[in-house]
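There are 2 protein chains.
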Amino acid sequence: MNKRASIITAILALGLPAFSQTWIWYPGDYEIWLGNRMNNNRTERGAFFPPFWKTDSHFVTVEFSKDIEVPEDEEITIKTEGRYNVKLDGKLQFGEPSTFTIPAGKHKLNIKVWNQSTPPALYVKGKNVNSDASWKVTNEDKEWIDESGKASDTSATTYAQAGYWNLDDINVPPSTFSLATRPKAHVAIIEKNDGGRLYDFGQETFGQIVLKNPTGNGIVNIYYGESPEEALDIDFCETLDKIEFGKNDVKDMATNSTSRREKDYTLDNSKAFRYVYVKPENGINVEDVAMLYEYAPVEYRGSFKCSDPEINKIWDVGAYTMHLTTREFFIDGIKRDRWVWSGDAVQSYLMNYYLFFDSPTVKRTTRLLRGKDPVTAHINTIMDYTLYWFIGIYDYYLYTGDKDFVKEIYPKMQSMMDYVLSRTNSEGMLEGLTGDWVFVDWADFPMSKQGALSFEQVLLCKSLETMKLCADIVGDKDDALLYGDMATALREKLLPTFWDEKKQALVHNVENGKRSEQVNKFANMFAINFGYFDEPTTESVMENVMLNPDVPAITTPYMRFYELESLCDRGMQRRVLQEMKDYWGGMLREGATSFWEKYNPEDKGTEHLSMYGRPYGKSLCHAWGASPIYLLGRYFLGVEPVKPGYEEFSITPNLGGLKWMEGTVPTPDGEISLYVDGKEIKVKATQGKGYLNIKSKTMPKADYGNFEKVGPNSYRLWIDTDREIKIKYKEI
Amino acid sequence: MNKRASIITAILALGLPAFSQTWIWYPGDYEIWLGNRMNNNRTERGAFFPPFWKTDSHFVTVEFSKDIEVPEDEEITIKTEGRYNVKLDGKLQFGEPSTFTIPAGKHKLNIKVWNQSTPPALYVKGKNVNSDASWKVTNEDKEWIDESGKASDTSATTYAQAGYWNLDDINVPPSTFSLATRPKAHVAIIEKNDGGRLYDFGQETFGQIVLKNPTGNGIVNIYYGESPEEALDIDFCETLDKIEFGKNDVKDMATNSTSRREKDYTLDNSKAFRYVYVKPENGINVEDVAMLYEYAPVEYRGSFKCSDPEINKIWDVGAYTMHLTTREFFIDGIKRDRWVWSGDAVQSYLMNYYLFFDSPTVKRTTRLLRGKDPVTAHINTIMDYTLYWFIGIYDYYLYTGDKDFVKEIYPKMQSMMDYVLSRTNSEGMLEGLTGDWVFVDWADFPMSKQGALSFEQVLLCKSLETMKLCADIVGDKDDALLYGDMATALREKLLPTFWDEKKQALVHNVENGKRSEQVNKFANMFAINFGYFDEPTTESVMENVMLNPDVPAITTPYMRFYELESLCDRGMQRRVLQEMKDYWGGMLREGATSFWEKYNPEDKGTEHLSMYGRPYGKSLCHAWGASPIYLLGRYFLGVEPVKPGYEEFSITPNLGGLKWMEGTVPTPDGEISLYVDGKEIKVKATQGKGYLNIKSKTMPKADYGNFEKVGPNSYRLWIDTDREIKIKYKEI
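So the sequence lines, in the order shown, correspond to chains A and B.
Okay, so the first sequence: first residue is 615 according to my numbering, each after it adds one.
Okay, so the second sequence: first residue is 615 according to my numbering, each after it adds one.
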């Protein structure tokens, strides 16, 4: 039982009412505000660096309302962020009352809040009347009156269900939210000749530097590095700080903010680093340097262990990479951008389902990425990233079964898709128009971004399917028909437009009416993963594209994610295991303590550090580096939802050459645990029902239920119990 | 020469560079923010009362940029509202520098500012490099880089010219703007039995109450009234305050804000009143009550004086009414809403052209009313008010000739018109849909708001003409063609749809395919004013509608504005003069010191105070009450622009029965002064050229130029000098 559930049980046991209360706001607005605060923590060599895309903001005036009924007079406590008024049954009350008595009976309670700086937020606490997700909220109440004082019909006002998270403490308003911190010490110091000291914190980390007991006056320069080379390269390291200690005050020279001088000084802004090079300028001495490690207090609900210690290390470092990049939102990398990017996020979501299963972070990230209307550009300005945003919602629904979120976000899906469809060409396909960043991947080979890319159309097709799915969920039949038809029509155009019979591949693009000769893996692997090829075509594409050494290699963990997924999808776990050991193992052998933005095994030494034309431009802790978390959970343990929210699951373990493996995959309200070796499988699913699918030389035997044979050496067992099942079988 | 021009002359005389600098921001954003601050000053009996329409907010992150060239190294001073960075030739600089040296030569300077609370604003001061309207600004810079560090093409970024006003002082950031104030004393005190005192400030006024030297502790209740009845009616007065004096602190009980107790206490929020009833609760005594009169420091550039003292009083009270309602923006009335309403504003604009000619206030109001995209409702939720918004731009351009503003606002006109046209019926006409407030007027007779109202279509027609005019100005040929065609087509449909041959009138509406029988003045007088009828039709409508006692009378000064304009337009100044004396003179005889929201001569005593079902709901200082300012300038002095910005004017004086009149009508950069009696006219125009048109029994004689005869007893004189011209003529 989770903490809240157990507290509620305790509350009920005491005979108290079971109502909970929490801070509420206009849905999505808190995320947009918090996202601005987070994205704007990016700095580049001491310069403030906000995103280059449109930054949205919250509705500044919103009205919360609820129809209530109280059996007797009830005093409620009201707290807001912002100026407010209170209307009971249409009558405005004097002032901004912090307590207010509701007379017994049925009432309509409206509280309107205005806040320019941070999202208008409300907390109401009473015996029966409490702020929670059941409140309605609007940003335009349209309650005009006519000359006689008669109120207008307000049926035209658009109400939404109030947004919320887990901010349940009346004394901690949403705008004061911060991540958790704990002190952390360095593991080594290297003295330098110039009076500076290099502190090694032992592994990639994130947080605020603490300067311990500085004595004297002067400037302390702090240079951060994910590598020692970076921290020591004071002219080119990506991030730095300069703190000036005066007699009484301390000044952050980047932000010009000053504070009273105390014994220790903790920097305002968190940074990513493993090393910090601290170099005081004459007259000042710093006794020691420590840090406050800053992190999201998420729970590790997934686990993986196996017979190969290197794979275990890969899983652990992947999990740590994911934890570092799971913050207020899922971000890309912790050093440089610290921004929320849709293409990165959609992978974080999938990894999250096998590690934290933290749905609120998925929802927050989805809301922030979408922002407010009007849509004037692609998400993060990137065409593919807009399309991933839809796909992320598809995945979210499949893993969580959360229809409420689909209902909340659907209107924003509609306006986003309106924007997408307003930019299709005469074939109904997406081409990069002025202002569109057609990204695909950081590839090491030349790739045209002009015309219609097969890759973008495959993503568009899946996005339209997502629209159809969600239209069905919200019960919009017209939309469901429309988007369903469009998805089908586009899918039927993919092969005629891009298929090259000779190359047995989708070619890269059609430009100026001419089909390109280029073949790369991007569109082909997505088409495999989305099931857009028939079986013979898939086989041929595997051979002629995915496993063809003449097709350019992928060098980012980002696209390796999908590439290895394709191989796993074809049962090539043995090969994927080796690729993981080569590629992610390669990073570990280079000393990685978190996984990187890009890894080219051909690079040597400090070549591994450079990117974007800058010697330390590469992020050494990048969410998309953590894909083994997903691959091991989904394709080795083999656990995935078949029906939304794991109402039905499928478990298809594949050792891929490992002697044994064991692990846990979280589900919305439970988990699926597995132990697998060549002879025995133990499985326990505390939520849902579904098949265990295995290959065995002989008919497997279970201590619960009966296996069916479904093909040569293929068997399945229906699992509809939450007790552990033991299976004997014989690995092929 | 205005102050700035003379200062610049002085600067040049000293050999200093002539560059001025001012605070700049994203165009429209400051207005939206300032408008929120102002609109949200409304209170209702101590409750905070924001508007019921969608409240927009500023872009929180914007980038200012300019291509600059400096002959030698130049140090600039930078001040912002918000966190910021500085980029010179694409290179980010350390920190948030308050001074920065630009090396000699050509450069690209970018400064990006983030501010959630108030609009990001920038002030740059150097020898050559200064913040002014020539800077560009964007809210989405789209400057991504590729893997090699190469910057993207930023041609897709939408730049606007920076917004500005007259906030030229680096030490007074835009968010600290406040109106001017000056102390004002009461003229009478009436002691009441219950320990309260009624203070009379002698006339309608606006400002903050000052409680002088309160002694003891306790609560001071302050009840405001535009009438003594209202101030003394503590249960029903529209506005009130409660201030609690403790030993050391003073608490505003409505906002819960506290401050240190000083000798005098000045209330935070300004209020409208003539009377305040101050009633201390036990233990506290207030020595005296004063006020800080709060006002916009606009200049009275227009004037009017004539032989009739009552008309002079009407003009003076009208001018004062206009001054009270000309604040951060043109508002409706000062007591109740204190909001910006488009239908009210469009009249204020016209009066303003004959009084202050303060174009910045027109522009600010136009920007605020429009708000941000997306458009999700009509302006102020009112269909007619959206249409007036377009018409206000038409008028603004005609009076000022300001093409820059048309270029700035045109994209927002387009999206507003998109919204309007998305809501037309199968006839291309506007009907009230769910959520639309179809207002027209506070009429004393029943009037259907269903179906297509002729009134709304006349306004739509003029709005489409405005779109055509502005499309021509911005050089958008497609739009000009489109909107021109639509305006023509709609205009051609007006008579076939609404004309009743028997009644010789446009009927009120068509509802469910059925033409109504109702005739009122609204659509008919607008069609006259817009010149939509031919001459015989106009004459017939005048007789059968406008002068027909069986057609219901108009009882708001709001619609009397247009009604009397129609009469003036037909040369019926003599009648209009009498109507002014009856109607506005009637208010003066009731004791008005400013003009009212509504005046029904049939009402008696306190009936004049009530509206909206509330005993003091009526506003006794309402901008739309001041229309004589416009009527006397435009139709008696007879001055109007013929070509935009008074490049050509026409002067058609009409004494309307007065013995003499004299006055001044401001033009963008000058003024037109007139003296007229039955025998002599003196005219002086310091800007523009144009005709003086007069009726005379004999050929008039001028001491400059020669009159032409243009009809029986009709003469005109071409004026192309800025010296005073004296004319002898003989009034008919």
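Where hints are given, some of them may not hold.
Note that the list lumps identical chains together, so a pair holds whenever it fits in one copy or between two copies.
Claimed, not checked - With a straight-line Cα cutoff of 30 Å, these simulated BS3-like cross-link-like pairs (lysine-lysine) come out:
no. : residue 1 : residue 2
1   : K986      : K701
2   : K1091     : K1309
3   : K1021     : K986
4   : K806      : K1107
5   : K986      : K877
Keep in mind the hints are simulated off the structure, nothing from the lab.
Query raised in the report: Which of the listed hints are broken here?
Result: 2, 4, 5
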